[in-house]
Amino acid sequence: MLDLLEKIGEHWRAVLLAVLVHGALAAGLLFSLDFLQPASRGNQGESIVEASVMSSEDIDAMAAQNNAESTPPTSQPEPSTPPASAPTEAAKQQQAKREQAEAEAQRAERQAQAEAAKRERAEQAAADKARAQEKAQAEAKREAAEKARQKRQAEAKQEREAEARQEAKAEQEKARAAKEKAAKEKAQAEAQEKAKAEQAEAKAEKERAAEAAEAKAKAQKQAQAKRQAAAEAAAQKEKEQAEKAAREKAEAERKAREQAEAKAKAQAEAKAKAKAEAAAKAKAEAQAKAKAEAEAARRAREEAARKAAAQSQLEKAMAEESAGRQAAADQRALAGYIQAIRNKVEANWIRPPGATDVTCKVHVKQLPGGQVANVRVVSSCGGPALDRSVEQAIYKSDPLPSPPSGNLFQSDIEFTFRPDS
Amino acid sequence: MIKTKRTSWLARFCLIAVAACMALPAQAALEVDITQSSDQAIPIAIAPFKANGQRLPVDISDIASRDLASTGLFRTFDRANMTESPATPEDVNYQSWAAQGVDNLVIGSAARNAAGGYRITFYLVDVARQQAVTSFQINAGGNQLRDAGHTIANLIYERFVGKKGYFLSNIAYVTVTGNTANNRTFRLVVADYDGSQPSTIYSSKDPVMSPAWSPSGDRIAYVAFDVYKGTSSVRIQNLSSGQARTISAGHGVNGAPAWSPNGQEIAFAKSADGDTDLFVYNLATGQTRQLTRSGAIDTEPSWSPNGREIVFTSDRGGQPQLYRMNAEGGGIQRLTYDGSSNQRADFAPDGKSITYVQKSGNGFRIAVMDLETNNVRIVSDGPQDDSPAFAPNGQAVLYARQSGRNALSLVSLDGNAKSTLSQAGEVREPAWGPLGY
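Protein sequences appear in the order of chains F and H. Following UniProt numbering, the numbering of the first sequence begins with 1 at its first residue and continues without gaps. Following UniProt numbering, the numbering of the second sequence begins with 1 at its first residue and continues without gaps.
Think of the hints as simulated: they come from the structure by calculation, not from any bench. Zero decoy hints are in this set.
Keeping only pairs whose Cα atoms sit at most 16 Å apart, straight-line, the calculated EDC-like set for lysine to aspartate or glutamate is: (1) H:Lys418 - H:Asp194; (2) F:Lys344 - F:Glu391; (3) F:Lys344 - H:Asp39; (4) F:Lys281 - F:Glu243; (5) F:Lys365 - F:Asp412; (6) F:Lys365 - H:Glu31; (7) F:Lys273 - F:Glu258; (8) F:Lys344 - H:Asp33; (9) F:Lys361 - F:Asp412; (10) F:Lys361 - H:Glu31; (11) H:Lys163 - F:Asp387; (12) F:Lys361 - H:Asp33; (13) F:Lys239 - F:Glu285; (14) F:Lys344 - H:Glu31; (15) H:Lys359 - H:Asp338.
Given the sequences, and given the hints that come with them, work out the whole structure.
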């Protein structure tokens with residue numbers, strides 16, 4: 001879990017991007033669905049027809065068009081038959097009236113019939129028209145739905161592709177970051193080790209340092225070459241992985257496509273073709289992208305290596321400087337050590353009175369703890385009492401002061417007593 | 001490729017080798033210059049010597065301890081602070097001594113020898129090294145234990161200072177007792193250097209002056225007066241036999257005798273022709289020759305150790321000052337210019353310096369002049385110091401202090417260490433004899 005968090009933290013950019021892309025896609029999907037919904041609803045009801053599409057002129061126009069186009073056979077017979085039997089039972093006087101009335105009624109009837117027919121026709125036409133419209137609308141709707149489906153599919157595909165790319169990218173980035181980190185750590189460790197080694201060789205000469213630097217540069221070059229090779233191999237591997245991932249994605253897509261084909265055979269081939277093309281394109285793109293990224297990663301690594309080299313160079317320079325400082329410090333420490341010995345021996349040397357022109361050399365061997373192991377007067381100080389006095393001064397100074405650091409210790413000390421010079 | 005690799009390794013190795021070689025000389029030996037020394041005295045403890053667990057009749061370790069302490073060069077330890085008095089180095093608790101700051105320890109014991117005296121064995125132990133540096137054995141007669149103590153001091157002194165100790169030497173001086181002319185007694189006394197074991201070799205109601213030791217220490221020359229006759233005489237007295245011989249006598253001045261280094265001649269002052277000049281008396285031939293012929297007073301001669309020079313006091317410049325000349329009386333040069341007067345010179349045993357009395361605004365004080373550099377060092381406090389005499393090893397000056405309580409004082413050559421030799425009565429004109437061994 002922590003590991004995952006760490007990884008997320010490490011590749012937060014990728015994660016953020018992925019989240020954003022996903023969010024964008026989701027938003028897009030939601031938006032498109034929302035947009036298409038009315039159309040699908042309209043597919044079932046007539047509200048659209050009733051609402052506003054038709055005006056009476058339109059209907060008339062449409063009816064006229066229909067009448068002109070085809071004679072309606074169903075309008076005349078059925079409604080005309082029941083009214084025809086009623087006028088036979090009326091008086092002759094009234095017959096004319098009746099007839100007249102009948103005629104009028106017939107006329108009216110006819111007129112009404114005509115009107116009804118007309119209305120019927122209009123209704124028929126309107127219905128036809130509505131049907132046609134309905135049909136057209138349904139067709140349109142179907143088409144729209146189909147389109148939406150296609151679009152959705154395409155979008156899904158795109159999304160999947162994007163995801164694949166994203167994942168590949170994320171993976172690459174991760175790998176690259178890991179690689180970078182490893183390289184950086186390695187470079188750092190190397191630099192540290194180098195610095196340490198150089199410090200250990202604190203008293204190293206300039207030539208030696210230069211030699212070491214040369215060797216180091218060489219080693220670095222080699223290391224860099226090695227790193228580069230490794231990076232390239234890694235890039236290759238990454239590429240392969242990306243390809244594989246892409247292939248896998250394509251396979252999945254292909255399967256999905258096949259399922260889709262089973263449902264929609266008509267679009268299958270074209271879609272398959274398009275999808276294959278798209279997949280190929282995506283693959284090519286992924287490859288190109290992977291390649292570009294690998295290149296970028298390589299450049300970044302090179303940059304990092306250069307930086308590391310510069311850093312190690314700086315550290316080396318600092319180490320050299322510190323070595324110089326160390327030498328100076330050693331010199332000071334040595335002077336202090338000698339002064340400490342001198343002070344102790346001088347405090348313990350009681351010079352016999354009356355002795356003049358005293359000068360002598362005394363060789364002393366000391367043990368690591370400063371214990372005086374041997375005192376040898378190399379050249380007499382001018383008499384046995386003087387020799388004894390310097391010997392005793394040294395023996396009384398046992399143990400001799402310890403050096404501030406062990407490397408300053410020397411078992412042999414040559415004392416020169418010259419109080420009169 | 002392999003070749004370049006190999007050469008690179010070779011180059012690397014060479015570099016390392018060169019670096020190592022350059023680092024080596026520093027490893028050879030640490031070089032330390034010592035230009036200062038401690039001005040402290042040498043710490044030394046002399047533990048009591050015992051003979052078969054018994055105390056010796058004379059505390060020889062105490063004598064040796066006092067001898068060393070009187071020089072100012074040693075810091076001795078009070079016996080009361082000593083926790084042990086081991087007889088051999090094996091018995092020494094070094095930590096205990098080291099904790100007390102004792103660098104050097106003298107331990108020893110005495111045993112009766114066949115001659116009825118004592119055989120004394122002692123060790124000088126270096127506490128820091130925790131070992132005996134040297135051991136000595138001396139035989140002393142039953143009545144020579146005091147000298148045995150001085151001998152121990154001499155041996156230690158020489159080991160540490162590099163010069164012979166003067167602890168067996170004798171001094172001579174004049175004491176005056178009595179207040180009136182009638183009961184006054186002048187005595188010529190010879191004693192150990194520290195004033196102990198004094199013995200009078202000559203006494204008189206009349207003044208006795210200017211004792212001088214013969215180089216061998218067997219005779220003393222001095223000046224005796226005869227107030228009744230109004231004469232003075234320069235006498236030489238043999239210390240062992242007591243026999244005396246007068247080399248110059250008469251009215252006027254016969255005084256200030258000084259032995260030549262070979263002990264065969266005595267220079268002295270004698271008044272002649274109305275003033276005092278220097279003469280030399282040859283002991284072998286009995287002849288006297290005149291050294292100086294000035295119209296001024298020339299007196300108080302001192303012979304240089306090599307016998308070629310004489311330093312004397314003369315007022316030929318108006319005031320008493322010191323002059324030097326060759327032993328034949330020629331080449332006179334004035335030596336002193338400081339102070340209103342400078343007189344009573346005594347040559348150091350090494351001939352490189354003289355000590356004398358300088359009169360200045362601070363009174364009479366003892367001065368030491370380096371004859372090579374003419375540097376003068378005042379070593380006494382005054383105001384009435386007189387008659388300085390070099391110790392036979394040249395490391396101290398003995399003089400008479402006549403202010404306050406009369407006494408003889410000993411001062412080290414650097415003026416730092418002083419000790420007083422207490423004597424009864426008025427003490428004058430000390431003279432320091434030879435080393436005595």
